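For the record, the sequence lines run as chains A and G. First residue of the first sequence? That's 1 in UniProt numbering, and the numbers climb one at a time after it. First residue of the second sequence? That's 1 in UniProt numbering, and the numbers climb one at a time after it.
For the record, the hints were derived by calculation from the structure and aren't laboratory data. Don't take every hint at face value.
You can't tell identical chains apart in this list, so a pair holds if it fits in one copy or across any two.
In silico SDA-like links for lysine to any residue, alpha-carbon gap of 25 Å or less [what the hints assert, rightly or not]:
#1 LYS368 / ASP280
#2 LYS213 / ASP345
#3 LYS217 / SER297
#4 LYS213 / GLU442
Everything numeric in this text was worked out from a predicted model, so none of it was measured.
Residue strings, one per chain:
Protein chains: 2
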Amino acid sequence: MSMFQRVTENDHKAIAAIIGDEERVLFAETIHEEYSHDELSSEHIYPDIVVRVQSSEEVSKVMAYASEHHIAVTPRGAGTGLVGASVAVEHGIMIDMTLMNHILELDEDNLTLTVEPGVLLMEIAAYVEERGFLYPPDPGEKSATIGGNISTNAGGMRAVKYGVTRDYVRGLEVVLADGTILHLGGKVVKNSSGYDLKDMIVGSEGTLAIVTKAILKLMPLPRKRVSLLIPFPTLAQAIGTVPRIIRSKAIPTAIEFMERDVILDSEQYLGRKFPDNQADAYLLLQFDGNTMEEIASYYDETAQICLEQGAIDILIADTEERNEPVWKSRGAFLEAIKSSTSAMDEVDVVVPRNRVHEFVEFAHALPKEIGARIKLFGHAGDGNLHVYVLRDKLSDEEWQKVLDLAMEKMYAKARALDGQVSGEHGIGLAKRSYLKQSLPPEQIALMQRVKKAFDPQGILNPHKVCED
Amino acid sequence: MSMFQRVTENDHKAIAAIIGDEERVLFAETIHEEYSHDELSSEHIYPDIVVRVQSSEEVSKVMAYASEHHIAVTPRGAGTGLVGASVAVEHGIMIDMTLMNHILELDEDNLTLTVEPGVLLMEIAAYVEERGFLYPPDPGEKSATIGGNISTNAGGMRAVKYGVTRDYVRGLEVVLADGTILHLGGKVVKNSSGYDLKDMIVGSEGTLAIVTKAILKLMPLPRKRVSLLIPFPTLAQAIGTVPRIIRSKAIPTAIEFMERDVILDSEQYLGRKFPDNQADAYLLLQFDGNTMEEIASYYDETAQICLEQGAIDILIADTEERNEPVWKSRGAFLEAIKSSTSAMDEVDVVVPRNRVHEFVEFAHALPKEIGARIKLFGHAGDGNLHVYVLRDKLSDEEWQKVLDLAMEKMYAKARALDGQVSGEHGIGLAKRSYLKQSLPPEQIALMQRVKKAFDPQGILNPHKVCED
Numbered sequence: 001m002s003m004f005q006r007v008t009e010n011d012h013k014a015i016a017a018i019i020g021d022e023e024r025v026l027f028a029e030t031i032h033e034e035y036s037h038d039e040l041s042s043e044h045i046y047p048d049i050v051v052r053v054q055s056s057e058e059v060s061k062v063m064a065y066a067s068e069h070h071i072a073v074t075p076r077g078a079g080t081g082l083v084g085a086s087v088a089v090e091h092g093i094m095i096d097m098t099l100m101n102h103i104l105e106l107d108e109d110n111l112t113l114t115v116e117p118g119v120l121l122m123e124i125a126a127y128v129e130e131r132g133f134l135y136p137p138d139p140g141e142k143s144a145t146i147g148g149n150i151s152t153n154a155g156g157m158r159a160v161k162y163g164v165t166r167d168y169v170r171g172l173e174v175v176l177a178d179g180t181i182l183h184l185g186g187k188v189v190k191n192s193s194g195y196d197l198k199d200m201i202v203g204s205e206g207t208l209a210i211v212t213k214a215i216l217k218l219m220p221l222p223r224k225r226v227s228l229l230i231p232f233p234t235l236a237q238a239i240g241t242v243p244r245i246i247r248s249k250a251i252p253t254a255i256e257f258m259e260r261d262v263i264l265d266s267e268q269y270l271g272r273k274f275p276d277n278q279a280d281a282y283l284l285l286q287f288d289g290n291t292m293e294e295i296a297s298y299y300d301e302t303a304q305i306c307l308e309q310g311a312i313d314i315l316i317a318d319t320e321e322r323n324e325p326v327w328k329s330r331g332a333f334l335e336a337i338k339s340s341t342s343a344m345d346e347v348d349v350v351v352p353r354n355r356v357h358e359f360v361e362f363a364h365a366l367p368k369e370i371g372a373r374i375k376l377f378g379h380a381g382d383g384n385l386h387v388y389v390l391r392d393k394l395s396d397e398e399w400q401k402v403l404d405l406a407m408e409k410m411y412a413k414a415r416a417l418d419g420q421v422s423g424e425h426g427i428g429l430a431k432r433s434y435l436k437q438s439l440p441p442e443q444i445a446l447m448q449r450v451k452k453a454f455d456p457q458g459i460l461n462p463h464k465v466c467e468d
Numbered sequence: 001m002s003m004f005q006r007v008t009e010n011d012h013k014a015i016a017a018i019i020g021d022e023e024r025v026l027f028a029e030t031i032h033e034e035y036s037h038d039e040l041s042s043e044h045i046y047p048d049i050v051v052r053v054q055s056s057e058e059v060s061k062v063m064a065y066a067s068e069h070h071i072a073v074t075p076r077g078a079g080t081g082l083v084g085a086s087v088a089v090e091h092g093i094m095i096d097m098t099l100m101n102h103i104l105e106l107d108e109d110n111l112t113l114t115v116e117p118g119v120l121l122m123e124i125a126a127y128v129e130e131r132g133f134l135y136p137p138d139p140g141e142k143s144a145t146i147g148g149n150i151s152t153n154a155g156g157m158r159a160v161k162y163g164v165t166r167d168y169v170r171g172l173e174v175v176l177a178d179g180t181i182l183h184l185g186g187k188v189v190k191n192s193s194g195y196d197l198k199d200m201i202v203g204s205e206g207t208l209a210i211v212t213k214a215i216l217k218l219m220p221l222p223r224k225r226v227s228l229l230i231p232f233p234t235l236a237q238a239i240g241t242v243p244r245i246i247r248s249k250a251i252p253t254a255i256e257f258m259e260r261d262v263i264l265d266s267e268q269y270l271g272r273k274f275p276d277n278q279a280d281a282y283l284l285l286q287f288d289g290n291t292m293e294e295i296a297s298y299y300d301e302t303a304q305i306c307l308e309q310g311a312i313d314i315l316i317a318d319t320e321e322r323n324e325p326v327w328k329s330r331g332a333f334l335e336a337i338k339s340s341t342s343a344m345d346e347v348d349v350v351v352p353r354n355r356v357h358e359f360v361e362f363a364h365a366l367p368k369e370i371g372a373r374i375k376l377f378g379h380a381g382d383g384n385l386h387v388y389v390l391r392d393k394l395s396d397e398e399w400q401k402v403l404d405l406a407m408e409k410m411y412a413k414a415r416a417l418d419g420q421v422s423g424e425h426g427i428g429l430a431k432r433s434y435l436k437q438s439l440p441p442e443q444i445a446l447m448q449r450v451k452k453a454f455d456p457q458g459i460l461n462p463h464k465v466c467e468d
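Sequences and hints are given; from them, build the entire structure.
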């Protein structure tokens, strides 16, 4: 029996009155199927009502109503999540943030961009790069909203040099469960003024508060970038080279690894050739800087190290025309793998970067053990791996068995390597049990008390992250 | 009446038995005066007992004992704090962390340094720079412990380019109020595995947990650095130039501002000349990079902008021999000002960097209004100002009145400029009322609920930050 109230026709009327615009309030059968799931989760649950908000004030009023009537609320961005965090497990109210999609201010003195949460990652990139700035976090899924990125503390390709989303969130406007609007942080560079509520909300997957505005930190756009695509005879050699690159004190923006089969999937999916597909494994590196000389001074030594470690060749992409397609292919890996099978699920573990090869070796041996194909790629430079278990022709029952076994084994391995359950995709609904296994009960209990501190009634996105 | 138990002779025996080394347990009259205060606070309160711990296990056992007997606990590092955060308001147990002062591991593959909390900032700098790495946070007080820096989220000079302490804390070992030892984060670069307890503890001034180990993120040490000391006719011109430098997309490591009177204080205090003391105001910039050409490409335009804005000269320090004394003088400002008066108190506000000039103008007009001298300097590049009110010959009563008036006025001004109470020194005991004035009651209440989630009995460093 749920502890939450369902949304009645009366509630529908009351919420419609709050919003004052019928077209932005979807009830019962007018709710589109897409609102019942995210990108990968096998959970399909419909909310009772969807409210397409346009302002913080609307979010505040809806939350106050939900709080008063004890109705569960699930915030949702573009629905590109992979762990079911935006699935309305308790039905109730879904707050669709995608109409709050305005870029509000570029402040060139303070190097900040103020945005609403529904702005897409690719929109931010286009807007700031045109004006000579960089928003460094660069997850593969460019059609995710910035609100979603903040909610999962998304990482992306450039974390090696620039860090993750958290490092670029200067300030947040949030709505608490009871409708209170708070402004946390701001345009200031430093802040030691009481507890860091802002960073607690970053990565909390909509369970502690709803982000309604964000002040992002920008950097000047590096004037040049160069990518190196480096084929290796084996993946072990490719990945084994990464700690040596780091030890040499080069700082690539990105160090990705990939295997031929994923490249072939991507060629087929995009209908265009990758620059090379002859080798078993590749490292893809990017360097940035203000002059080609400066960048060359970084990558010369790196190239030398790769050759010493057995690299077959060094393919240099030093113009935007050559750079762009390589990274576009890389960005399509997830979709490409998805299109090659009937269903899939993933792990998104992160391990210390000098233990990536141990995890990859382990994952390579898994298919035999579990009886299903596995594909993987990932961020070798920051230890974040994306491993996909493919369903192909397995029956429902077989698939569940394979998946349980694969997940259990991979998360156990990650723990053994001092890794964490999720590098950037979050916990949501799908990974809760693995989070619970990976952390001591005292830590889970502390997280549950924090949840209660923010949301005493537990109405915000229930059953996610650390809740049962 | 206090809700806490005082430490009895019986407790003393029990705690001594836990530690098993009499010399590390100080009781009653054996407690040195230094344990009764920090660097600036006017509060002088003795703890009942001081325990000089040597391991996380000892901290855990002492906390379990304190928790069971409801005794207040105050952790203390080097005592260089400026807001009374390490003053044992409720007497009780003081845990002195300074013997936990070992550098445990440099991991060159993962670019991390694992340290105990009692290691001093200058020890970390010396250790890593000798090995070709940089720990970017660079507060002026080099004899602070890293534990203290983590507890206040210290910022320092290089925040313009590199950010603050929080950005370099990858993992923490902490002891909770009940003695539970938790490991938060780790060597991993990305992490989206549940709520971000680690960042909540950073900056919490010993009120949520005691830090017993830290995994710090390092960077490769830039091979070269160049400082520019730039005299201006007026401080307004100097500070007004900063947003223009930022707009030009140069990224100095540091942008400090200073006035002649503080430079003269510093010359007298250190007994050596600053490179120049003829102008009313100065900007001090630093750039770093791997080659002099690369660095010159950054600062050439900056120098041009400064000259256009009326700079009198550009003094370039491009060798370590010239660099070091300038920054040493800068690092001595606080001590130099302190030595020029009988007592002082400070504000450590942070404002958006394009509003620094407004705050400085305001502070310049204050002495007339309040009847006391004021000195200031600060981080123009990140908007963090250190403003000191000097007591000189004021009576106790006059001093309290002047201080109350000065503080009230300056914090009100900071709020009006969208600033925050503390950029890097924290709230502790001394700034609680100003934090309370600057934030909505709902935010203070949320912080209090978070405190309770971490420390249900409230025994950890009571009356600090958000508590009454």
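Evaluation of the provided hints:
1. LYS368 / ASP280: within (19 Å within a copy, 75 Å between copies)
2. LYS213 / ASP345: Result: close neither inside a copy nor across copies, 32 Å intra and 36 Å inter.
3. LYS217 / SER297: between (28 Å within a copy, 24 Å between copies)
4. LYS213 / GLU442: between (33 Å within a copy, 18 Å between copies)
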